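Visitor: First residue of the sequence shown? That's 1 in my numbering, and the numbers climb one at a time after it.
No wet-lab data here; the hints were simulated from the structure.
Please read all numbers here as calculations on a predicted model, not as lab measurements.
Be a bit skeptical, because a hint or two may be false.
As the list claims (entries may be wrong) - If you anchor each label on the Cβ, the simulated ranges turn out as follows:
| # | residue 1 | residue 2 | range |
| --- | --- | --- | --- |
| 1 | A97 | T66 | 31 to 37 Å |
| 2 | A126 | Y56 | 28 to 34 Å |
| 3 | T87 | G46 | 17 to 23 Å |
| 4 | L131 | D61 | 17 to 23 Å |
| 5 | E83 | D110 | 26 to 32 Å |
| 6 | A59 | T114 | 34 to 40 Å |
| 7 | L101 | P79 | 30 to 36 Å |
| 8 | C116 | R73 | 21 to 27 Å |
| 9 | Y56 | T114 | 33 to 39 Å |
| 10 | A59 | R25 | 51 to 57 Å |
Note that CB positions come from ideal geometry on N, CA and C, so glycine has one too.
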Amino acid sequence: MSRIPTIAARVNERAQRDAGGVSERERRDHAERMAAVHGGPIRRHGVARWLTRPTYDAARDATRGTLEINGERYEYAAPIGGETTLTRFDGAIFRFATDALGNLTCDCHDTFYTGCRCLHANALRAALAALEPF
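Using the sequences provided together with the hints, build the complete structure.
Guide: Below you can see the structure in the form of structure tokens.
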């Protein structure tokens with residue numbers, strides 16, 4: 001009985017391939033190849049969405065908004081001439097630096113100890129890209 005799911009998975013994989021689709025194994029292999037090409041593991045995380053769109057706050061001379069990442073709320077702040085931050089509602093602060101190419105790097109433990117692109121940088125990058133131009 002333990003072979004039935006395996007056989008069913010293979011049949012399903014073969015049907016996807018015959019229909020022009022890509023199997024999960026091929027998708028995973030491709031992700032690993034892309035990670036090797038781009039110089040580090042690419043971590044997939046969950047969902048990022050704006051709860052309140054970023055707007056300019058003249059009193060603080062910064063653009064501010066509220067971002068939700070995997071169900072946790074973060075306060076986004078991008079002061080004019082300062083560093084971009086995400087502040088989790090439990091008080092943890094994540095600071096971002098932008099290189100000459102516009103890539104975000106975070107100061108969190110995941111980035112520091114593993115060298116991976118972290119949840120915060122990936123989510124912020126995706127959320128900012130999803131904003132419509134003004």
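Visitor: Run the structure past the numbered hints and jot down the numbers of the failing ones, going up.
Guide: Hints 1, 2, 5, 7 not satisfied by this model.
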